[in-house]
Each structure stands twice: as C-alpha cells, then as structure tokens.
Amino acid sequence: MRFIFKTKYSQDINIAKHNGDRFWYSLLILIMVALPLVLDDFYLGEISYICILSIAGIGLMILSGYTGLASLGHAAFLGVGAYTHAFLLTNEIPFYASIPIVIIVSFLVGAAIGIPILRLTGMYLAIATLALGFIAEHVFIKWEHFTGGNRGLPVPQPEFLGMSFYDSVFFYYVCLVFLIAAMFAAINILRSPTGRAFVAIRDSEIAAQSLGVNLGLYKALSFAISGAFTGLAGALLAHYIGYLAPDIFNIFLSLTLLLLIVVGGMGSLHGTVFGAIFVGFLPQLIAICRDYLPSSIGSQPGLEPMLFGLILVFFILYEPLGIYGRWMKIKLFFELFPTYKRQTFKKQKVFTKSDRV
Amino acid sequence: MQLIQLLIDGIASGCIYGLVALGFVLIYKATETINFAQGDILMLGAFVAYSLIGILGMDYLTGFALTVLIIAVFGFFLDAVVVRQIIGQPAFATVMLTIGLGFIFRGFASIYWGTDIFSFSTPFSGKITEFSGLIISYVNLSIIVGTAVLMSALYFFFTFSKIGVAMRASSENQLAAYYMGIPVKFIFSLIWSISAGVAAVAGVLLAPITLVDTSISLIGLKAFAAAVLGGFGSIPGAIVGGIIIGIVEQLCGTYENYLFEGVREISAYLVLILTLIIYPRGLFSDKAEVKKV
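Line order of the protein sequences matches chains A and U. Once you know that position 226 of the first sequence is 1486 in my numbering, the rest is easy, because the numbers rise by one and skip nothing. Once you know that position 292 of the second sequence is 660 in my numbering, the rest is easy, because the numbers rise by one and skip nothing.
The hints are simulated quantities; they were obtained by calculation from the structure and are not laboratory data. The model shown is predicted, which means the values in this text are computed figures rather than measured ones. Wrong hints could be hidden among the right ones.
What the hints assert, rightly or not - Short derived list, chain A residues pointing at chain U, Cβ under 10 Å:
{"no.": "1", "residue": "1456"}
{"no.": "2", "residue": "1459"}
{"no.": "3", "residue": "1518"}
{"no.": "4", "residue": "1571"}
What the hints assert, rightly or not - Anything over 10 Å on all C-beta distances counts as not near chain A; from chain U, calculated:
{"no.": "5", "residue": "371"}
{"no.": "6", "residue": "376"}
{"no.": "7", "residue": "438"}
{"no.": "8", "residue": "478"}
{"no.": "9", "residue": "491"}
{"no.": "10", "residue": "502"}
{"no.": "11", "residue": "549"}
{"no.": "12", "residue": "577"}
{"no.": "13", "residue": "604"}
{"no.": "14", "residue": "615"}
Here a beta-carbon is modelled for each residue, glycine too, at the ideal position from N, C-alpha and C.
So that you can see chain A by itself, here it is in the shape it has in the complex (with noise of 0.2 Å):
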C-alpha cells in the first residue's frame, strides 16, 4: 500500500499523484509511440479508431460522468464536427486551420443547443437530446448544399506537414496526438474551478448553488465543452470513414458513445479509454459470437442490438462503476493484500429521490 505525505495543498491537484503515475505513463505514451515498428496497418487502423473514439468519450464523460446530464444525441455533435471538417477541407482550408475552427463550431452548437435546454433536469434533458439528436441527421439528411445530402460527401485527404492521411502510420500518429492532447485539456479543465463545478452539480446541485455555482452558465458551459471534445473526434473520424452520409450519425452511434462511458466507467477519464478500447473491438466480439453460437442464431442481425443491450444493462446492474471501477477493485485487493474486505465496496442501500417538489 502506498501513502502520499502530503505536504503542500497544491499536491492535491498535481497531475501525477506519484513518481509511479509518471513512470507507467510515460511507459504508456513511448509503447504507444513505438506500435507502429510491431503492427500491421490494419491494427493501427482499428487502434486510431479507438483514439477517436476516446476523445468523443472523453467529451460525453464531462458532460455526462462529471456534470451529471444525460445526452443521448451526442452524435450530433460527432456530425457536425465531421461535416464542418469536411466542409472546410473542401473549400481548400488548411488541415492546421481547419482543425481550430471545427473546435470552435462545435463549441458554439454546443452553447447554442445547450443555453435552451439546460433548465431542464434529468429526464426531461435525455428526452430533449433525444429529439435534437433525430432533428439534427434530418438536417444532415436535407441540408444538402452544406452536407451533400444522402448523396454523401467525399472527405478530402490533404497533404499536412508533408504527410497524406492516407498513410496509416501517419494518421495513427495524428490521432494519437489528438488524443493525448484532448486528455490532457480534460484533465486541466476538470481539475480548474469549472471542473470542480461540474463535480459539485453532478453531486448535488443545490449545494452546488449555495456554494455560489452559476447553474445554467455553468450546465451550459458543459455542453459546449463536450461538444467540443465531440467535435474535434468528429473531424477526425471523417477522416478516417473518408465519405460522410447521413446515416452514420444516427441514434445507434449516440447510444454506442453512452455504452462506451456506462461500460468504461462513469466519471472517470481512465475509462473513456477502457470504453473506447471495448467499443471499438465489440464488432469483431460479436464476429466471434457469431462463430460458437449454434448457426441459427449466430447468423441473425438482431444478434447484435440484443447483445449491446445485454452488455449495457449488466453493466448497469452489477458493475455500475464500469471497467474502471473493476480495476479499482482488482488494484485495492493487490494493495491490501491479504486484508481486502468485499465490502468496500459494497452498493449502498438506496431509496427513491423525489424530484417532486
């Protein structure tokens, strides 16, 4: 068991906690640097995805995991990113320039979609994303000077720094940047005042109040926020697809980035990846499913809406801290060993909250 004596306040804040942290990190980052010399394209191809996938992750965890509000529209702002990215690149707007101005719309949409809405709580919230998660890839579908329609829109793939996106090396290395960019951003946003309001709404907004928290501007801020995170992993994801239809940013990738969090482990940016990683091999899980279940099952397609299901609702009964919250529990039975207590951990007897007034 380690203990950190601490003797300053602003330890409480370091980004690494301990000299451990910085050495498994920084092992981590110089793996991830070197995985190009051992995998094959394809690999990177999937592992960039994941990338991708973890920065959308991280946007829905600050909005979700750290302030508490529910969106289930979120591919919204995946599309707007994706669109506004591939709009730019066609009117020949550099990569480096385009990449700041995706961030800064999806910013704005954000604020702009979240200002409206945000005096509603809980439910009412997951249901009004909802609908502006269908209205928005009806926009998609009918805008069609800006979107292409159901047509679709070819992403260009320009040169940046010498390199073509094309070159999977380089497009791995690109969203690996993008990625370790976007958590270290989340890291210092959630350990700033804003964060820490985000965490005092998600707690209890009415403390939060009293202790002076601007509720609507700072549920708002949230959102924009996410959506930027979200937008960025948008634009990186059109490169990726390299041809925008409307039908890709529907209810099911929403759901999917909820999966991702609910299975990663809610509040915790470690699980945005773990999320992530989970999400992105889940279509070559359910390929080997398909293989060992007997063939009258495994070749239907609702196999795979029914075991999303199954996977979200066992993660939500009997492992509510997700991935995250399992490594947690494996690294206190190692640190504490042999004194670990099952009970740490156990679920709280609860009762129904009243939104009621």
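Please arrange chain U on chain A, whose structure you already have, making use of the hints.
Showing chain U alone in chain A's frame:
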C-alpha cells in the same frame, strides 16, 4: 372537408401516441422513472398478436385479450426482476437500463420472428364507412373507439377499485402508502404491468396500419412528445398530447410545401423541443412540475 378528414386521421394516429404516452405517464407518476423501452414493448405486443392470430389462427378478440394478458404479465416481471434493482440510483442509470432493455427486446424480436414485415387479418382491415362525404376506415375507428374504451376502463379502475386507489396513493407518497399497509413494491410492479398492457393494446390496434416489424418501436420516441406536451404526469394530458401530436403531424404532412421539406418526420420532435423550451410544465401538469434552474 379535407381538413376534417385530416383531423380524423390525425386523431387516430394520435390515439396510438397517446396510449404509449399513457404508459410513460403511469410509470413516471408512480416511480419517477421513464421507461424508454415502452415502444419496444408495443412492438412485442404486435408480434405476440401476430403469433397468436396470424400463425396460430386464433379469433381476433381472443388473440387480442391473450396478447394483452401475456404482455402485462411480462411487464410485471420486468419490474419485479430487473428494474426494481436500480431504485434510488441516479436518473441516468434508469435511462440507460431501459434503453438497454429496449435493445434486447428488439434484438430478441428480430431473432425470434425475423426481420420481415408481417401482417395478420383483423375484422377491420380494408373496410371503410362513408359519413356525409367523409371517408373513415374501420381501422381508424377501431383505434379511436379502443382508446376511448380503455381510457374509461382505466378511469373507473383508478377511481373506484381498491387497487387503483392504492396505486394513486403510492404515487402520491410512497412512504405514507407504506405506513398505511399498501404493498408498494407489488403495486409498482402492477403499474408496470398495466402500462405494458396499454402498450400491447396500442401495438395490436396499430398493427393493421403499419404492419408488424421491429421498426414500429420508434413510435415510443414520438410518444415522448405527447407525454411532455400533456405534462408528464397527467393521464388525460397524455391522450390529449398524443392527439395534438397526431394532428400536427398530419397537417405538417399535407402542407409540407408551405413549410419546409421533411417537416412531417420531425414535427413531433420540434413540438417536443418547443414545449420544453417555452412551457416545460406541459398543458395538463399537476404537481409534478419540472424543476427549473
């Protein structure tokens, strides 16, 4: 004349939205959770009816009654076994749980029944009646009459029967109901079973119009608009909201040229967003007021 014709079609489809919304409202009033799988339960109802009437060749009314019974029992155990476990968790958990359940139902339906589009014969299919120039199909008539009958049955149930009063008591104040000796957990499961049964009724009534396939579960999403418009927590509000949504959709579809292209498909969602922004309490809200920041 054309307008009245549109209104009748709108009311018929609105009744379906209203019935699904009624399911949301019953569960929300009692347990403050929203069942995002309501549309999928409707779909299951339609499929079970297809199995009983279309495949086993049962009489329409017997099949109808048996379907509602099966789905109601299913709804009871859905709450007793699964949903009850997460009482007291944040709203987010219930939302995710019921969405996950919806996916399971849809996946199950497409594995068990297949992804084809099915239909079964009803006494109403293909028959119309003319009434001073208006053309009313029997199917629409059956939906409107069915909704009216169900609503009055529910009204009498909640007003006069002992269990109905116990249900109202449990949704007013759980703790007080507990102290009065009402088996609140059992009552909640019963409410789930009623709302599943109502969804099954909607599914069977809807089956002749949309036919039976897994995509009809999307009706559940439009029914949210009905429930929100009616004030989430009011039973008459759900039906009135549903009828308004149905009429708005019909009107938007007909006058699409004057508005913008594709307005019909998103009109329900637009109404939903506008209601939430402008008047989030809804038309018929009682005490269950939306908290404002």
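Tested hints:
1. The closest approach between the C-beta of residue 1456 of chain A and any C-beta of chain U is roughly 18 Å, which is over the 10 Å cut-off, so the hint fails.
2. A cut of 10 Å between beta carbons decides the hint on residue 1459 of chain A: the least distance to chain U is about 14 Å, and the hint is violated.
3. Among the interface hints, the one on residue 1518 of chain A holds; its C-beta lies about 6 Å from the nearest C-beta in chain U, closer than the 10 Å criterion.
4. Against a cut-off of 10 Å between C-beta atoms, the interface hint on residue 1571 of chain A holds, since the closest Cβ of chain U lies about 8 Å away.
5. Distance check on residue 371 of chain U: its Cβ is at least 26 Å (rounded) from any Cβ of chain A, clearing the 10 Å threshold; non-interface status holds.
6. The claim that residue 376 of chain U is not at the interface with chain A holds, since no C-beta of that chain comes within 10 Å of its own (minimum 27 Å).
7. With a least beta-carbon separation of about 20 Å from chain A, residue 438 of chain U lies farther than 10 Å from that chain, consistent with its non-interface assignment.
8. Distance to chain A contradicts residue 478 of chain U as a non-interface residue, since its nearest Cβ pair spans about 3 Å, not more than 10 Å.
9. At roughly 31 Å from the closest C-beta of chain A, the C-beta of residue 491 of chain U stays outside 10 Å, upholding its exclusion from the interface.
10. Remark: the non-interface label on residue 502 of chain U is consistent with the geometry, its nearest Cβ contact in chain A lying 32 Å away (cut-off 10 Å).
11. A cut-off of 10 Å between C-beta atoms confirms that residue 549 of chain U is not in contact with chain A; the least separation is 19 Å.
12. Every beta carbon of chain A lies more than 10 Å from that of residue 577 of chain U, the smallest distance being close to 21 Å; the non-interface claim holds.
13. Every C-beta of chain A lies more than 10 Å from that of residue 604 of chain U, the closest at about 19 Å, which supports listing it as non-interface.
14. Separation of residue 615 of chain U from chain A is adequate, the least Cβ-Cβ distance of about 19 Å exceeding the 10 Å criterion.
Hints 1, 2, 8 from the earlier list are contradicted by this structure; the remaining hints agree with it.
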